[in-house]
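Chains as they are written, first to last, in the numbering used here: chain G, 1 to 651; chain W, 1 to 651.
Hints in this document: simulated from the structure, not taken from any laboratory.
Virtual Cβ for every residue (Gly too), placed ideally from N, Cα, C.
Check the hints yourself; a few may be wrong.
What the hints assert, rightly or not - Cβ-to-Cβ under 8 Å is the rule here; a few derived chain W residues that face chain G:
#, residue
1, Lys306
2, Ser620
3, Phe621
So the chains spell out like this:
Number of protein chains: 2
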Amino acid sequence: MQTVRKTALKMQPVGLKDVKIDDPFWNPWQKLVKEAIIPYQWDALNDRIEGAEPSSTIKNFEIAAGKSEGKHYGMVFQDSDLYKWMETVAFSLSTEQDETWEQTVDEVIDLLENAQEEDGYLNTYFSVNHPDKKWTNLKNDHELYCAGHLIEAATAYYEATGKDKVIQLVSRLVDHIISVLGSEEGKKPGYPGHPEIELALMKLYRLTEDEKYINLCKFFIEERGRRNPEHYYDIELAERGGPNRSDERTYEYYQAHEPVREQKTAEGHSVRATYLYSGMADLAAELNDEELLEACRTLWENTVNKRMYVTGGIGSSAHEERFTVDYDLPNDRAYTETCAAIALIMWAHRMVQIDADRKYTDIMERALYNGALSGISLDGKGYFYVNPLEVWPHTANCRHDMKTVKPTRQQWFGCACCPPNIARLLASLGQYIYSSNESEIYVHLYVGGETEVDVNGQSVRLKQETNYPWEGNINFTVSSDAPTDYTVALRIPAWCRNAAITVNGQAVDYSEVNGYAKIQREWQDGDQINLTLEMPVEIIRSHPQVRENAGKVALQRGPVVYCLEQADNGENLQDITLSENAGFSSKFEAELLNGVTVITGKGSQTDASKVEDELYTTRSFDRVAKEIKAIPYYAWSNRGEGEMTVWVREE
Amino acid sequence: MQTVRKTALKMQPVGLKDVKIDDPFWNPWQKLVKEAIIPYQWDALNDRIEGAEPSSTIKNFEIAAGKSEGKHYGMVFQDSDLYKWMETVAFSLSTEQDETWEQTVDEVIDLLENAQEEDGYLNTYFSVNHPDKKWTNLKNDHELYCAGHLIEAATAYYEATGKDKVIQLVSRLVDHIISVLGSEEGKKPGYPGHPEIELALMKLYRLTEDEKYINLCKFFIEERGRRNPEHYYDIELAERGGPNRSDERTYEYYQAHEPVREQKTAEGHSVRATYLYSGMADLAAELNDEELLEACRTLWENTVNKRMYVTGGIGSSAHEERFTVDYDLPNDRAYTETCAAIALIMWAHRMVQIDADRKYTDIMERALYNGALSGISLDGKGYFYVNPLEVWPHTANCRHDMKTVKPTRQQWFGCACCPPNIARLLASLGQYIYSSNESEIYVHLYVGGETEVDVNGQSVRLKQETNYPWEGNINFTVSSDAPTDYTVALRIPAWCRNAAITVNGQAVDYSEVNGYAKIQREWQDGDQINLTLEMPVEIIRSHPQVRENAGKVALQRGPVVYCLEQADNGENLQDITLSENAGFSSKFEAELLNGVTVITGKGSQTDASKVEDELYTTRSFDRVAKEIKAIPYYAWSNRGEGEMTVWVREE
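Just chain G, with the same shape it has in the complex:
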């Protein structure tokens, strides 16, 4: 008999199948995923993009399956690119059927089945190139990472199609992993150098309710960073016969410097960290493990209050793609990997289900509209791996310490983790919008469309209409077959100073709990809720200890962070200053960058006509008025190479 666990979840996300997006801002992105990104990335996985670095991803599986010859090419984690793409297609099929792509994925699953070994093992790098080295380098070799992405793809595909062939495939893989890794006698007590499988196992557990999956997840999380008395990475290193280059990294890089419950600061590789924290949150929630939850909350506060860019980007060091120290947030050498912003969204989404606090969803929204969306070009064909907050092409192109900064988006990458990651985020956007529990519907994000949710035994539909993020007016229509008593909880973003809510045109009483406006009543079919979020142009300042932003301001309107681009403001953006009395105004420009609201205002710049050739001078420079124009940060670099800055000097 299975024990029913009391979880720590205050709500559950409304799944993709129950959410339909119909929104002026997001529709084009949704269309892009289906019509451009999925086909483009499929071509990339099949090495059909001219001029891009070859992927060899499909080819690797064909070789492993015995259908092609040669050696594995690419990264040790190349398989995961396919899995993330599969997950993207699965998400897309959840919201809209597409026989062609479904058939393609079915064929891919057949290919995977052929590539899978007898004992359940599946990883083309090792099967093809190094069959003798399986599970010998958990720290660096990404076998569990790839397995995690396959599990995620499998659960998404099953949820989209009901087809369980891929679930059987991953259950054979996980059974194999369980036979190799674990605390039992004769198994290796190892855990992944790149966390990912933890959160994937929690998805598989929630789907199947088979405890072996949560138990494996728990093993990986609890074992991490322990010394018994030896550190597992030292044990396997000795068994491998000594270090190679990757072994120069410290355990902080892998979040394995101490047991996770004792970790207080976000350390190391930022994607690994936030995938881990997401898995920790899932496990803690499911087990109602308050100590582990508290560890997640502590890590959260450190991440977002000390180590996050205003765009929601994280990871301020290109070297080791990592967090550094509190308040070290250089803009021109920000690493802020697209994947890290996405992982922050994933983590935030898990935390809000537990704590029902807008502080998580505010960050989720910040990363979504800024640091994640900047990872992809408006045409879906260019990607940023690194999302800096300042770019100076002349300097970035010559300085070695800026070598990861690309002034324009790239077609694809040798290490192509980010493009499929942004694709799966966009394809799965629906699941981030709503949550519910027995008596409440939470609205986390303002995205037009509809959802259907069961509350208090009644199926309730909620329709959302808005021109967000350009306008702060959101209309909801509720409908149900019978009047029903429940709560609609609307997030009032912390960036909003004045919010107003009416129901059927009348002001209503509501309580605000942790930033959610909770309107409880017996809702009638056709009731209208109007939420108005004031969104003037806001001048943002950083904590005074953020050295790189001292004396600088950023512009934000609603959830959107702005930047100045050379295309609108000329060169030498560092010379421009803004004042609090800049008279900022905003205006929607339908023709610009697929339609964006721009900010204009008065600033000043040095009177160039009076500047002489001196490098240093005791003169002060005359300044002249300068009309500035700011565009949303996510939309930068869609008009050729040029300077860009988010933070602008304050007069």
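Please build the complex by placing chain W on the supplied structure of chain G, with the hints as guidance.
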């Protein structure tokens, strides 16, 4: 019969033997060189400094001389550390006899003679470790660089002592070089990857008047960067059988990307560049080669007007220790190697002899009092290789892109080029102060002491008394056996807005030519000249294209650039702002940092009591008054680890 060349020199430096320094600012440094640095560095060369990286320099020579066993240890250019030390001792002996050190150097010369091979070859790395690889990698292997430093040491030692054993030794070495390298059939048409021997050969030529030395120098300079049609570095690379890691560097790194006459911008490794430019200036002056001179002037303007820090530091990239692009001058990742500031002084010193323009001596002074002097601690036992203009220890200690920045001076370095270089600069300071020609005495630097110069057939003594750089008042007393007509040319620094000159208390007429106040008269024995240079605290701004200094000011008083240190101003220096009405005042503090003039003034900083934990906020922060205290940049990091910044935000 030797042709008498007409040189382009407008004056000649007054040599060390004819200059005595007696100056409150410089006496302690001179004493430090003799009493601390020379012995300390001799211990370092002999591996007797506890806790410092071993040098093995003397040991290498002993091995090469057959007096010790083992392999060469250290850099391929390790020999040069000894040569620079020898040069330092020689300079020191020029101004003051010291039998012990003279005997030590004589013993070193005996050792060198034993280490020198039959054919004149002398380089311990190759003699000991790779005798088969001599002259096969001129691009990277520093054989000519080491030879250059030996030649410099030899000429200095000969000038100090009149002993020519070491001159004979180097002439055998140079004869060997001439037998191997050159444009003649059967020789390799190669030239050094690290320039240095060019300026050394010019010293040897000027000492011996033997044209073979200037001809070899000319060959090295003219051949550099040529394609005939192949680039020499490609030829030798092919002969070596292909590239290794060092061969990833571009030809710009070596200033070999094009013939030197065509080079317009300062490129590549900044020490190599400025050593080369110094040699080019020497050669051009000696040959009166206007085209080559013009190349030097063009490179000078680019260097000092586009690519130099306010401290006189050059080389803004740690990667390849190089120049980057115009106006790219990050303060926290400045490389600004001590050797590069010294090389800039050497180059400036050569240029002013040719063009008689203070623009060179102003830079010489800037680098001397700031970016060069910062390379050594006040006790002479700590050295900076890298001289950043901002240091944030927490960040510098963790960020990989700041890994060359050390928050405190080091005892010694594996690559120990800088410590002996700063020592030889200090020991040879006397030669930078005065120049003369038939009828003029130029005073470039204001350093107390005396010189004796022949002008218009008369021996003239000039005595200088001053408390410079802390005070701008300089008294000169001239004396000679008979009244003599000549010109005293005093540099009026460009930083000085008001200068006044009196002779015997009376205002005098003088012409100002290229920044030199020329007072021509029949001077009487005992005539007094008083020069008063106003030196208020000046607020310095950068060209608006220097991105890192936008909105910031630096403080300078006289030639001294100031900085804020945490020891005086607390943490978070980036939060401090200054205004033009800061009411700056200066005051000499005899007990502080061996006696420095400090600057105090009013600034402001964020009211820390009102700062909350938010990383980003729409609030503006209240600011409170802050009394700031600035110390001379060269004296920073003598009171433990802490923050430091030269550039401070302007209110």
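Query raised in the report: Does the structure break any of the earlier hints, and which numbers would those be?
Result: When the structure is compared with the hints, none of them turns out to be violated.
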